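Asks: Start from the sequences and build out the full structure, keeping to the hints where you can.
Chains A and B supply the protein sequences, listed in that same order.
Each residue of the first sequence is one higher than the one before, counting from 1 in this note's numbering.
Each residue of the second sequence is one higher than the one before, counting from 1 in this note's numbering.
FYI, nobody ran anything at the bench for these hints, they're computed from the structure.
Be a bit skeptical, because a hint or two may be false.
Unchecked claim - Residues of chain A clear of chain B, computed beta-carbon distances all greater than 10 Å:
id : residue
1  : Ala22
2  : Gly94
3  : Leu199
4  : Ile222
5  : Phe248
6  : Glu307
7  : Glu316
To be verified - With a cut-off of at most 25 Å between alpha-carbon atoms, the simulated DSS-like pairs for lysine-lysine come out as follows:
id : chain 1 : residue 1 : chain 2 : residue 2
8  : A       : Lys306    : A       : Lys73
9  : B       : Lys173    : A       : Lys68
10 : A       : Lys84     : A       : Lys16
11 : A       : Lys126    : A       : Lys136
12 : A       : Lys123    : B       : Lys173
13 : A       : Lys16     : A       : Lys306
To be verified - So, partial list: chain B residues that the calculated Cβ filter (under 7 Å) puts toward chain A:
id : residue
14 : Gly58
15 : Gln174
16 : Glu176
17 : Tyr177
18 : Ala180
19 : Arg182
20 : Ala183
21 : Gly185
22 : Thr189
23 : Tyr195
24 : Asn199
None of the values given here were measured: they were computed from a predicted structure.
Ideal Cβ positions, reconstructed from N, Cα and C, are used throughout, including at glycine.
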Amino acid sequence: MMEVTTEKLLVVKDLKVHFNTARGIVKALDGVNLEIGRAETYGLVGETGSGKSVTALSIMRLIRPPGKIMEGKISFEGKELLGKTEEEMRMIRGSRIAMIFQEPMTSLNPVYTVGGQIAEPLKIHKSLEKSEILSKAVDLLNLVRMPEPLRTMAQYPHELSGGMRQRAMIAMMLSCDPSLLIADEPTTALDVTIQAQILQLMRELQQKMNSSILLITHDLGIVAEMCHRLAIMYAGQVVESATVNELFEDPKHPYTVGLLRAIPKPHERVSRLEVIPGSVPDLIHAPQGCKFHPRCPHVMDVCRSKEPSYIKVSEEHYVACHLYND
Amino acid sequence: MAMALHRLRRNKAAILGLVIAIGYVFVAIFGPSLAPYSPYDMGLDRALESPSLAHPFGFDELGRDIFSRVIYGTRISFVISVVSVGIAMIIGVTLGTLSGYFGGAIDAVAMRAVDIMMAFPEILLALAIVSALRGGAQVIGTETAIAYLIIAVGLYSIPQFIRISRASVMSVKQNEYVEAARATGEGTTGLILQYILPNALAPLIVQATLRIGTAILTAAGLSFLGLGVQPPTPEWGSMTSYGRNYLRVAPYLATFPGLAIMLVVLGFNLFGDGLRDALDPRLRLE
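Replies: And the structure:
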């Protein structure tokens, strides 16, 4: 694995994003903290609705009404993103930070050829000759190991399979050498063999291009395979973050413990899978204190009234839980 | 797209409509070379003469060859319908797209304006617009009359285009490829022109085809009521209107231009319906 430098590429601090709905204010993110180093693959794990995708879209500043970034800081390459104008953000999107989406079937424009679309970020961000753009696009398709790059250039998205489309998408997003690639469940919609190929490809490209990846997933297996460090999200907050080894060896937060227990183990015969009792809280009327307390097996009085703050377990390992208060 | 073409080809009614529409456009363009006689040559000695081999539609009250007049009339109705629908489409799609994409105040204003326009029965609105444009003038030139018809028919077609493009844009902008394009740093103009409009176009093409039929009908209707093109210019609506006086002695005066209107409108409607079915198979009743 590649050496991770300590210099931070992306720092998200106390990020709060609210959605104003008819039912009330949905606190989709309620103080998210993340730190991603250069050339690092960082996993962001959580259930549906825990705020993973909202975090990603906030970093891109793509949250649209009724959603709004209420407060917090997002610093990227040492510069604060939240103060930037839309025009300045446009220059960053696709060129410094790129994003791969979950659904390769629908994330390419059906009316243009694949070649034309891969070239699009280059047209926006780089002033190149038309022939240079085209040859760069072919190079990119070669890079993502598209079987027949020249033929694919002239094909329309509906002529490609899901895995090929995701390759095309990755090629498009890598076209301007971004230093951060956000991958929002890039393999969820693909079948398992294709999933493995795409992950392998992403890992290789990351080493080749030396960029960081923020990998959003609910699959802890993928995280174990791909990431250096990860953060566990619950109800719009990061409840625990650590290196992959440490988190899998020594999970601290009761939610993380529950998640890891819920993974079926092929060598053990069990009649029922372990579950975490209860379900994800309603983010309009989130529980007081620690948001996990109604489902927590170790709940204490203090959990019902006071929000836990981050406790440093070891270098790189933080947990937000009252259990570990001295 | 290939699927859509295939479905269209299998639809016999739509193909018939397409053939009629193509024939109509052909006649409109090459009319003067196709017409055997001048549409203006009068001869009172042959007035109201019945159809014959040489003059298949007969003569009108002033002895003009009706067949040639119907052919010449094609061009006028073609110009009016295509130009008015073109104008309506440009204005309507622009407003509808902005309204559907940005929403908010723009959308609210545009939609209320559309509601107001749609509250009028269509022909009444066109009638009011033409009357207002004409003012008190009794006699106006053919070009002016055509221009007025284009404005009237164009204006009253705008609301439909606003509604349809708005709805289409609202659904297209939810697509993930729009979000993905935004994530590559695409600007608003690029998003609308490259990602949203091309994908929102299908229902608009259908609407334009259907609208051409309606435009032909409305323009002819206004001329029939005496608010459009006046004789001696050969126009189907006014020919039908003047022929009406001779319905008992010489029914062919009103019948042939009337049939021409019916045939062309039917053609565009059949083709438009077929196109809609081909482009959106979910709507098909089978």
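Asks: Need the list of violated hint numbers for this structure, in ascending order.
Replies: 2, 14, 15 and 22
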